[in-house]
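Undergrad: One-letter residues, chain by chain:
Number of protein chains: 2
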Amino acid sequence: MQIAILGTGMVGKTLAAKLASLGHVVTMGTRDPDATRERDGMAAWLAENRGVTLLSFATAAAGAEQVWNATGGKISLEVLHQCGAENLAGKVLVDIANPLDFSAGFPPTLSVCNHDSLGEQVQRAFPAARVVKTLNTVNATLMVEPQTLAGGAHTMFVCGDDEGAKAAVTAVLQSFGWSDVLDLGGIGQARGMEMLLPLWVRLYGKFGSPAFSFAVVR
Amino acid sequence: MQIAILGTGMVGKTLAAKLASLGHVVTMGTRDPDATRERDGMAAWLAENRGVTLLSFATAAAGAEQVWNATGGKISLEVLHQCGAENLAGKVLVDIANPLDFSAGFPPTLSVCNHDSLGEQVQRAFPAARVVKTLNTVNATLMVEPQTLAGGAHTMFVCGDDEGAKAAVTAVLQSFGWSDVLDLGGIGQARGMEMLLPLWVRLYGKFGSPAFSFAVVR
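Each protein sequence line maps, in turn, to chains A and B.
For the first sequence, position 112 matches number 112 in our numbering, and the numbering has no gaps at all.
For the second sequence, position 132 matches number 132 in our numbering, and the numbering has no gaps at all.
A few of these clues could be false.
Remember, identical chains collapse to one label, so a pair may be satisfied in a single copy or spanning two.
[To be verified] Simulated pairs of lysine to any residue, SDA-like, Cα-Cα distance not exceeding 20 Å:
(1) 206 to 77
(2) 18 to 86
(3) 74 to 62
(4) 18 to 107
(5) 74 to 42
(6) 206 to 181
(7) 18 to 145
(8) 74 to 86
(9) 206 to 163
(10) 206 to 161
(11) 74 to 174
(12) 206 to 53
(13) 74 to 103
(14) 74 to 111
(15) 206 to 196
(16) 18 to 218
(17) 74 to 115
Hints in this document: simulated from the structure, not taken from any laboratory.
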C-alpha cells in the first residue's frame, strides 16, 4: 500500500520505518523537505531507511492511498490544510495526534475536550476524508511493537465513521501485532480516547517511562 | 473503624454492606432519613443489613472516622456542606464521585475537567479534610469485589495530598481484594482519574454492561 506519514518526529519516523519494513511504499510529508533533510540525524535516518521518500505535505498526500497524521496536535489541522482537501478526499486519514497544550508546563492540558475532540475537528474540516482515530494512547515504540509489552496483552482503540476505513486500519494494526483492537464506534468517540491523555501523562510522570499501556479488562 | 457513607443509592448500599461485612461500624448519611426509609426497597435493605444505621448527613459524618462520598458528582459539594466542615475536619474523606453531566443525554460530559476536577474542588472547599480520590473508574460491584473480574488483574487509582489518608484508604481497598492500587500523587491527579470517565461511559455503551475495568499494563 502507498502510505504517507505526515510529520518527521519520533512518531513519524517509527511508523515510517515499520510500515516500510512490512512492504508498504512509504513517503514522509514535511513542510520543507530540504530543510528537514538538514536537521540533526535526518540524513542518517534516510540513509538507513532508503525505502522512505521525503516529500512536501501535499505531494506526499497526493500520492498516497492512506495518510497518517503523526504531527503534534497543535499543528495538525494546519498541516492537513497544507496537504490540501483534494489530496485527502476519499482517502483513509489516520489521526494519531493528541491536542496537548504544554503552554502551562507539565502535565499538559488538552486544547479541546469534553464537548469536542481533535478527531472530530479533523473530520469536520475534511468531510470527504475517511478519518480513523487510533494509536494516540501509547508511545511510538509501542504503536508498532505492542508485543514488547506483556506479550501484547493490552488494548488499542479505534473509532471513525467509515467502516471500511476502520477495517483497513485495523488490518494494519494487526500487522503491527495488536491483538486487542477495540472499535468504539463513530468519530465522536475520539473524545473518550483523547481524554485518556491526562491520565497517560500523569502515569508517564510517575513511572518516568512511556513503556506502559492500558488494557480494557472484560 | 467507624465509617460514614454519604448517599443511599446503589453505590452507597454496596459499599455500606461490604464495609459492614468486614466488621466496620457503618452509618449511611442521607438528606432526610425518614423519607429515605420510605423509599422503595430501603426498609427491606436495612432489615437485611442490620449493622448499618441510617442518619442525617451531619450526624453520620460527626460520628465517623472516615467519610465516603458516594453521592452523585452533581450534588457532592452541597452534600458535604450539609455534613458541615467541622464534621469533616481532620478526617479521611474518600471521594468516589464523578462530575457527570447528563443534561444533554448519553454519553454524559464532565461538568468540570482539564483545568480542575471534583476531587480538587472538594479539597479546596474543605481544606481541613484529608481527601482521597479513588474507586471512580469502576461500577459498584467491582469496587468491592474486584476479584470477580479477571481474578482482580486490573488497576485502582488513588490520589490525595495526605500520605496517611492514602495509606488508610489503600488498606481498605486491599481488604476489598484490590491488588494493584496505583498512587498517582496529590489530589491534582484527580483530573486524570475523572477524565477517564468519558471513555468509561463509551465502553459501557458499547458493551451494554459495566463489568469491565482498566489495567495499567507496565
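Undergrad: Next step is simple, just say for each hint if it's right about the structure.
TA: Results of checking the hints against the structure:
no. : hint       : result
1   : 206 to 77  : neither (31 Å within a copy, 29 Å between copies)
2   : 18 to 86   : neither (27 Å within a copy, 60 Å between copies)
3   : 74 to 62   : neither (23 Å within a copy, 49 Å between copies)
4   : 18 to 107  : neither (29 Å within a copy, 36 Å between copies)
5   : 74 to 42   : neither (23 Å within a copy, 52 Å between copies)
6   : 206 to 181 : between (26 Å within a copy, 14 Å between copies)
7   : 18 to 145  : within (9 Å within a copy, 42 Å between copies)
8   : 74 to 86   : neither (22 Å within a copy, 46 Å between copies)
9   : 206 to 163 : between (37 Å within a copy, 16 Å between copies)
10  : 206 to 161 : between (35 Å within a copy, 15 Å between copies)
11  : 74 to 174  : neither (28 Å within a copy, 41 Å between copies)
12  : 206 to 53  : neither (38 Å within a copy, 40 Å between copies)
13  : 74 to 103  : within (11 Å within a copy, 30 Å between copies)
14  : 74 to 111  : within (8 Å within a copy, 24 Å between copies)
15  : 206 to 196 : both (16 Å within a copy, 17 Å between copies)
16  : 18 to 218  : neither (30 Å within a copy, 23 Å between copies)
17  : 74 to 115  : both (18 Å within a copy, 18 Å between copies)
In the structure shown, a violation is registered for the earlier hints numbered 1, 2, 3, 4, 5, 8, 11, 12 and 16, in ascending order.
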